[in-house]
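Generate the whole structure from the sequences, applying the supplied hints.
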Amino acid sequence: MSTPDLSVAGGQRLVIAGGGVAAVEALLAARALAPEGGPEILLIAADPSLRLPPHAALKPFARGHADPLPLAEVLADHDGHFVHARIATVDPRRHVVVLDDGREVAYDELLVAVGGVPVKGTDRGTGFELASPEVVAGVAADLELGWARSAAVVVPDGPTWPLPAYEIALQLAEHAAPAGGAVHLFIPDEEPLSLFGARASGEVRALLADAGVKLYTDERLRVVRTGLVERDHLRPPVKVDRILSMPRIVGPAIPGLPLNDAGFIEVDAHGRVAGLTQVHAAGDGTSLPYKFGGLACQQADAAVADILADLGHPVERAPLDPVFDARLVAGDRELVLHHDPSGADRRAPDWSGGAKIAGRYLTDYVAVKGIAHLAHRGQ
Numbered sequence: 001m002s003t004p005d006l007s008v009a010g011g012q013r014l015v016i017a018g019g020g021v022a023a024v025e026a027l028l029a030a031r032a033l034a035p036e037g038g039p040e041i042l043l044i045a046a047d048p049s050l051r052l053p054p055h056a057a058l059k060p061f062a063r064g065h066a067d068p069l070p071l072a073e074v075l076a077d078h079d080g081h082f083v084h085a086r087i088a089t090v091d092p093r094r095h096v097v098v099l100d101d102g103r104e105v106a107y108d109e110l111l112v113a114v115g116g117v118p119v120k121g122t123d124r125g126t127g128f129e130l131a132s133p134e135v136v137a138g139v140a141a142d143l144e145l146g147w148a149r150s151a152a153v154v155v156p157d158g159p160t161w162p163l164p165a166y167e168i169a170l171q172l173a174e175h176a177a178p179a180g181g182a183v184h185l186f187i188p189d190e191e192p193l194s195l196f197g198a199r200a201s202g203e204v205r206a207l208l209a210d211a212g213v214k215l216y217t218d219e220r221l222r223v224v225r226t227g228l229v230e231r232d233h234l235r236p237p238v239k240v241d242r243i244l245s246m247p248r249i250v251g252p253a254i255p256g257l258p259l260n261d262a263g264f265i266e267v268d269a270h271g272r273v274a275g276l277t278q279v280h281a282a283g284d285g286t287s288l289p290y291k292f293g294g295l296a297c298q299q300a301d302a303a304v305a306d307i308l309a310d311l312g313h314p315v316e317r318a319p320l321d322p323v324f325d326a327r328l329v330a331g332d333r334e335l336v337l338h339h340d341p342s343g344a345d346r347r348a349p350d351w352s353g354g355a356k357i358a359g360r361y362l363t364d365y366v367a368v369k370g371i372a373h374l375a376h377r378g379q
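With my numbering, letter number 231 in the sequence shown gets 231, and the count goes up by one each step, no holes.
Each hint should be verified, as a subset may be incorrect.
[As the list claims (entries may be wrong)] Quick list of in silico lysine-lysine cross-link-like pairs, DSSO-like style, CA-CA up to 30 Å:
(1) 59 - 120
(2) 239 - 120
(3) 214 - 239
(4) 369 - 59
(5) 59 - 239
(6) 214 - 120
(7) 59 - 214
To be clear, the hints were calculated from the coordinates, so they are not data collected in a lab.
Next comes the structure, spelled out in structure tokens:
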């Protein structure tokens, strides 16, 4: 497939900025909703591969992993063009995206799905990075061998990825138990994983208790010291040997787009960027307070429906009406979480494959490509 002229849009060009789950879900949705005569699609990403972050919490324990999938292959599968570059700025007046190498990419419709930016969640402590499973594996080994008697997993206040902390705490507890070690989980919410509803919170509480994880709720921590978790509200500090601080998420702060104080892109329920035309955004880089892959995919679906309608395709606009679905996996323990705030009890996704992200189109595509893997006891 020949590379198009980046500087000229022909009236039906959709540019997708980003290469994560929301961006690829958007690509898949665009092709599914407009299978004949759909828009020209260019996808721009600094990372040449699609990666599935939810599997990162399982990799240190050899309980699962996801293979990177080249974005060039994804675009080739769906009659699109991959541009390997980083976005520097957006010029909405000229309908142009400026790349870090100075090239300009013209668009008729732009969907920004570059994701959020992980930063350290507390002022000290060992930060957990999704790309560095060795840190968590080291803590697990210390607990298993008795070199450490206790560990804490700290979830910061503010936007964060909620699920990995629970999976890590549960798996650490599995390694700590034979040597009599203790695992503590600190969360800022009053109930665990409360966005999945009261029933799910109760199930997660029971799962943590059964695994021997000590849960601390309503803990808005900013500072931890070596061997000490300092707490608010005159609560006594907790002494531990190892501390894993989960990341806090900030916005991508792309110049040219309206941003809130944390750098997130302001959007409405259709993914329209505030104050701009023909610019949408989806995923963890937007102002939506919850950050996880399934919701990012739902945002992408809503934005693509709106974009295709703007381009004249017979597609019904459908604002974001979130359903919260997730798969919490930790060793032999697994919980399937499903919460529909609308009360309609829409169908839960099919989790029969190795995926941990509920995307209307992405989940099936991941299964077809065979890139997501979950290990079971004995494997």
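For each hint, the structure was consulted:
no.: 1; hint: 59 - 120; verdict: holds (21 Å)
no.: 2; hint: 239 - 120; verdict: holds (21 Å)
no.: 3; hint: 214 - 239; verdict: holds (13 Å)
no.: 4; hint: 369 - 59; verdict: holds (19 Å)
no.: 5; hint: 59 - 239; verdict: holds (27 Å)
no.: 6; hint: 214 - 120; verdict: holds (23 Å)
no.: 7; hint: 59 - 214; verdict: holds (23 Å)
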